[in-house]
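Residue numbers (numbering that gives the first Met the number 0), protein chains in the order written: chain A, 0 to 491; chain B, 0 to 169; chain C, 0 to 624; chain D, 0 to 494; chain E, 0 to 103.
Calculated from the structure, these hints are not laboratory results.
Here the structure is a predicted model, which is why all the values come from computation and not from measurement.
From the three backbone atoms N, C-alpha and C, an ideal C-beta is built for every residue, glycine too.
Careful: at least some of the hints might be erroneous.
Claimed, not checked - Below, in silico cross-link-like pairs of lysine to aspartate or glutamate (EDC-like), each with a Cα-Cα straight-line distance of 20 angstroms or less: (1) B:Lys160 with E:Glu84; (2) D:Lys153 with E:Asp94; (3) C:Lys619 with D:Asp203; (4) C:Lys619 with D:Glu275; (5) A:Lys105 with D:Asp441; (6) A:Lys369 with C:Asp110; (7) A:Lys366 with C:Asp110; (8) B:Lys24 with E:Asp91; (9) C:Lys597 with E:Asp91; (10) C:Lys111 with A:Asp442; (11) B:Lys126 with E:Asp53; (12) B:Lys108 with D:Asp203; (13) C:Lys554 with A:Asp295; (14) B:Lys130 with D:Glu63.
Claimed, not checked - Some chain E residues flagged as far from chain C (calculated, every beta-carbon gap over 12 angstroms): (15) Thr1; (16) Asp3; (17) Leu7; (18) Leu51; (19) Gly52; (20) Asp53; (21) Tyr82; (22) Arg83; (23) Glu84.
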Amino acid sequence: MMSQILTNIIFLPLLMAVVLGIFRAPIRVLKIGAMFSSIATLVLVGILTYNFDTTIGIQFVQDLPWIKNAGISYYIGVDYLSLIILLLITSLMPPLYIYMFHENRKGYWYNMMLLQTGVTGAVLSLDLILFYLFWETMLLPIFVMIGKYGNGMHQYNSMKIVLMTILGSMSMLFSILYLGYIYFETTGMWSFALTDLDTLVFNAQTSIWLTAGFLLAFAIKIPLVGFHTWMAPAYGSAPTPAVVIMSAIMAKLGIYGIWRFGYGLFETTLSYYAPTIIVLTLIGLLYYAVRAITEDNLRKMFAYSSGSHLSLIALGVFLTNEYAWSGSLYFIATHAIASTGIFLMIGLTYKRFKTVNISSLGGIASKAPKFTFFFAFFALSIAGLPGTGGFVAELLIIIGAFKANLWIGVLTATTMLSAMIYIFWMIQRTLFGQANNDIEYSDLSVREIVMLLPLLILLLATGIFPSFFMKIYETQLYFTLQEFMLAIGGLK
Amino acid sequence: MLEISIFSILAMFMLGGSIAMISNKQTLFSAFGFLVAMIGLAGMFALLDSRFLALAQIMVSVGAVVVLSMLTILTINAKEENMPHEPNKFKWIIVSSILVTPFTLLLYKTLSSVHQNFSEMETVSSKVVGKLLFSEWVLPFEIVSILLLTAMVGAIVIARKSDKTSKEQS
Amino acid sequence: MLSIIVILPFLSAFLMALVYLGDTSKQRYSFYTIVGVGSPVIMTLLSFMVGFELLSGADTIHETLFTWVSVGDFNISVAFMADRLSVVMISLITFIGTLIHIYAAGYMRDDKAYGKFFSYFNLFMGSMLLLVLADNPIMMFVGWELVGLSSYLLIGFYHTDSKNITAANKAFILNRVGDFGFIMALSLLFVSLEGTGFTFDSIKANIHIIEPEMLSLIGVLLFVGAMGKSAQIPLYVWLPDAMAGPTPVSALIHAATMVTAGVYMVARYSFLYVEIPDIGLFIASIGAASALFAAIIASYQSDIKKILAYSTMSQLGYMFIAVGLGAYSSGIFHVFTHAFFKALLFMGAGAVIIALHHEQNIFKMGGLKKDLKLVYITMFIATLAISGIPPFAGFFSKDAILVSAFASEHYIIWGVGSLTAMLTAFYMFRMLFSVFHSESKESKKLNALPSSMTTPLVFLAFGSATAGLLGVNEAYGGSSWFTTFLALPDVTIHISHSVEYMLGTLNVVLGLMGMGLAYKMFAHNAQEAKADTIFRRVAINKFYIDEIYEFIIVKPLLTLSRLIANIIDPKIFDGFINLNVWGYTKSAQLFSKLQNGKVRFYAMYILVGISGISFYMLFKLGLVS
Amino acid sequence: MIEQLLLAMPMAIVVIGAFVLMLLSHSRRIKLDRLNIVAVFFLIISFIMQYYTLGNHTGTFLLENVFNESFILDDFATIFDLMFTAGAILTLLINNDYFKSRQYFSGEYFALILFSVFGMMMLSHANELVTVFIALEIASISVYALVGYHKNNKISSEAMMKYMVLGSMTGVFFMLGTALIYGAVGSTSLTQIATYVSSNSIEDMTMLIVGSTFIMITIMFKIGAVPFHSWVVDVYHGAPYPITMFMASTFKIAIFAIALRLFIVNFGSINSFWTEILQVITILTLLGGSWLAIRQTLVKRMLAGSSIVHSGYLLIAISSIGLGSELAAPAIMFYLIAYFLSSVGAFGILSFIASQSTKQMHYEDFKGFASRRPYMAIMMSIFMLSLAGFPSTIGFLGKFYIFTSAIESGQILLAGLGILTAFISVYYYFKLIAMMYFYESDKPQKKFPFDISTILIVVMALLIIWGGIGTSLIPFIPGADGFIEIAKQAISSLK
Amino acid sequence: MTPDMFFLLTSLLFSIGLVGLISRRNLFVVYMSIELMLSSVNLLLATFSKVLGDASGSVIALLIIAVIAAEAAIFLAMIVHIYRENRTIDSDDFDKLKEGNSNA
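The whole structure should be built from the sequences, with the hints applied where relevant.
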């Protein structure tokens, strides 16, 4: 059972969707089925985590030949890095389904199940082509969800996100193919397995180009500044569950990619790109934050906020010291939870007031205190409020940044300031002020609280007991870091 | 020497005929030009010791094809006003002549780069041709018949007046 | 015990929040009062117990709960430490806090969000105690941040008025500017000390391994943090606006406790600052400038709470003069005495405001001394105390500061301090006389004040009168008990008693001069100053600092944001993409123009292709040379 | 002898079928779907017979004493034969509804299809250039007639006229090339040409090279390479749906059958000579095709434009062959299978929709298609994704092999351009998906019609998915591996 | 008499056919141009036949004549059909399928 647990985790939602689809399940059954698949995967991941050995790297490996003569294999496994994102995905799905409880359009549910399979698969793949398959597959449900169920210029925006991300993945595909070819040239066999490709030695020029291919894909997905113009429109148009997945999971997969494939394959070349990317992330950190200040649409505002924080995470990844790395990894998790929270709140705002424009909101606090509490809590946790996980992560990244360089440190520390400005101004205008008596302000229902409470508790827990959560990755993260340092010869 | 003068005359006929064909406004005159060229070609075949070919050329090309075309021209009874007016014809001819030059040059240079002389050979009589057709070339010969059949079916299909008046689009 | 002190207020805050959110419509006055006021009482008792423990000889008390983060050398535990400095602070905070809680139970009685208020209030207490009792800089920073947050919540307590929220935002963001400095300082400190542990004890032990330049930078950045929290130039602008919150909030947070966190922090890092006296001088200069500046503005304000706010800022300036010049104990001593009389002044002001139906302009008050006798007396004591009239508390603490300024031979700072002392007396009595002495302007019936509001005044008045006695120095026959108890690395003062007497006398004289001037101008017919000279206009408008900030920071930031939104994003980044797309579609358009439907054109394209290939072949095959 | 005759049977059956249908078509009493069944019957028999000859032959000649070396029997040809017959069967069956809905179809239609299939089969088996030319003419002439089949329709006639003029024009170049090769070699037998090529140096083979370049021009024209592409969009548009499908899938493959044979076997040692020309043409084709496809509003025209792009991908692999890539030839075969499945499916759905209305299929007409016909929409999406090379479809693997072969042969930039155009193609394929899914329809949902057309479309869709993700884990069922194995087997039988 | 002369003649005839094909709008002339091109190939084949002393060239030419006949049949049928439908044989009149006219 344990040998196939990952396969089950990946394909359970897809299987459920296909079975339900073929039998044209009525919406009620569909909901139950989706919920069941999400909980079942959660349980499976729970079992997995329980059996997870934090002292070794990749485990629960399943390596089966798939397309033999191209050396493509069904090669999956989980290590500390993927486990964290896996935990996030599976634990965010049930709240999302609770959120979607009243959603009666079937496509929503099918797409969400597909999406779960896509992102889970991408995280667990250790074969580059398999990874590419899932990487692209997860785009489809997003494409449909934005285009079909979105608002605003949703058709245009969904095309935009798909085209921009596919541009990235095509460049990645090119690098993957080239990598495979180099392996073929060296060994006479085809293979796209990460472990095989890791043994390759490239010449510098090739490596630089190959890395560029990967980095473009990840930079667009994250998105780093300059590659970001799809972000705000897509977030603005997407329906809430899609936004949550995009911000909480998909953007993180960009970081994950850098970590897994960047550090897995191109240690030395990555340090060639590091200065450029560090500059980009620092610009992004401030750029998105400044942009968010005057943004009126809540979704877009938090899209920019997301961008800013993901720049921070990316920065941490490229700073390559234990603080920054640990902080980045921790931030991946906590930011995912916090942004899930805030985007769900924005979704609830939209459900209530039929708008997410700050200028049309206001005075919620005096009528709906629970709503206000949750909203403010998640917003503040995005801003890195002490006591929530985000604070720990930001602190670690800032320390890491100072360790790397004084000026990087100074610019990184501005994150303390920048998020504050737009978030507090936003809170002032949305939650506070005079209530409009013409609008009915209904407070959170029990169902909604049930959906939000786990997120809140998780955020507090990660903020108060971080060392408990960090145990999952500590050992292996340092190990990876040491290997990297050895590879670039930077180990003292 | 005699051959050269025959060749020159035939070549002149052929070139003149074909130039007339492409430059004449009147379709019938074009067809006559073409006929002249075809007959010239038959002469050339004869000059090249391919008597059977010359015969076939006269019979098929001249007798059948050209006459068929002329018949068609007459059949459809195209009036002068239904014929295309081609005001820029010569402009096009000049432009395409310039464009075609590299190709002509290539073709000629290639051809003349290899063979300089004729070899001695017996006249290609119908006997030789028949022998070859049924030995070496039997497969092409067989499928040419299918080609002709196909063309026939195709021509029937195309030229048949459709009795139905369905105007729907493809 | 320490952990209970810290956790208890958080728990009670959490409990009240839960109950409050459960059903906001219910009043539940007694529940909230018991929980909300009860927990500070317990905390006070516990603090005193800790204090006694230390008095009875213990040096420091440590308590570790659990490891918070452990990454590489970054081992941070949730741990508490009580040394003498912090025990003074927690006693002060819990004691004054309790009194203000009691006062608030009366003040806020009719507020619908009573439960929420106490929840916030306890949250604040918890954060402040965490700040003070933290055993490592990171925990201190956590408390520091949470203090800022609760201050934000409390300033914006009346959230239906957008102005209040703006004030709250301003407070929080400026605090965060300070925190920005603080976190940088901490990170640099950690990075410089990497591998030697990161508790106050270990930092103290290893501080010498840091290069002086780095240490100076850390010192400055730490002080930036203090500037934000303690409202020093240039990060002070939030403090006057913060008066938007309920008066107990102003009393607790913006007078007695939170704003002194900066002073506490500098004192906490005294081991660091003694290594870098230049930075100390810088701190002292900022303090002096803030003191004078605030005093001038205070002299032209008409809102009672704003006068007190500027006064607070001015007094904080004194404290920074002290800690900057190395007289840490004097600074903390001033924190100690100031807490009593400033809390008292705010609570008195709050009582007046409540009595006058939320009137805050001192020039619309007057002649209240008969109707609000208790308030008048207690406030008079406090005013005397703040003006540095012996034997009230303020005299001793302020005198100690000015003496150390004089002794350190920074005469300009000393001069500014003395001038400010006179101004302090002037504006405080200006306020007192306008409110209580001058002719009554309105004849509305006064609101009755509940005893829960007046009783704490008495306690504080007693404190204001006597707290100074704890730190009477040798010149005045005392033993500087307070200084001895704190045991901070003060600079030793070499100054004769006669000079001290002279300075003390000068202070008293200056104070009396200010008082006299105020009496002359405001005791009978208080008039608001007219903006007739440039100086007055500037002073009344608070030197236009808010406007300057608006102009040099807020406006450019918003402009930049709009620039990104309207130009950079759509025109440059999207523009680049769209340019490519445009180029592509344009070439597609041109290319499909070739598809004009005419067969001879198509044949022509084929000929062009053939021609091209032939051309290439001619050369490639060497058929032409 | 008998055995030899049996080997010729698949082809003979097709011709016999054509004759039978020609005769039957004159009978007014026999309905079209009966004729359809007859045609399919012959094709299926031929298909089955071919299937059993598969895997037995490498380079033997049929009736060598009669046909000399004109008719070659190898797996390469057989696999192509299988594709042609399968293509024709699918064309006939999937369009069953379409025939019935259109008045203008008559019995000769089936005869012409069968003649055309015969021509293509001959093309793949021919080992002699004149035979190739005649076979090509048979296939082309049938298709000319088929394109203009809807005679009352002006665009159908127009398409026929264009195709005929341009097709004949380039056909002449084939013959000219043949003549030149004959002049150089003294024979038109491919075997002799191969011997000649391998025994001479490039400098001595000017005439042969120029001749084969002319032949190449014809091939380029037939596959729609820029600048010989201009007919593609117009003719695909003008032809009736079944014919468009037949041309896009089957006929195009037939051209590659002969192109590969010539390029790999006969000009095997000198094929790097054309690399530069091919690369330039490839670049033009990729760009031009995507330029054309991106501007279309009519789905059929878009597919026509995109078929040019697909030719471009195939051309990348062809020049890779010239540069010595081992993978390129199987990659082409595999890609052809992938493209065959996807385009048959896509055109099948178009023709299915067209059979129910007389409207032209614009992008706009697909608005809300997903809510009217959810299953059809899913399948159309699968076809579009496969054409776009989206992973988990066979189209992705096709591109995978093409691009790896390009990288292997060092054509990095060309592979890069290919990937770029693949990216652009995402736009016009996804636009259709967007149209289907992003709009609601006010018309009621229709039931899924179970008939032979739709079932075959489903089969196509399943094959595409299976070809993309099918694994070798499940025994006996060839997945993606199976297809590429077949392709490799075919290529290896050439040598 | 050298083969060169025939080669020149062939090249010229073929090119003239090509020029006629491209520059003329009259479909008859277009058709005849194509036939002319094919015939010039025939001439080439016959020349080669004599050059190589191999009768095969002539046989191929003979087969080509058959192809010419087939093409003639289908071409003429097409012209007849097109003329009947449209009353014109001007190839430029047939541009319904041009780009941007997708409603045709």
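(message) To test your reading of the hints: which numbers does this structure violate?
(response) none
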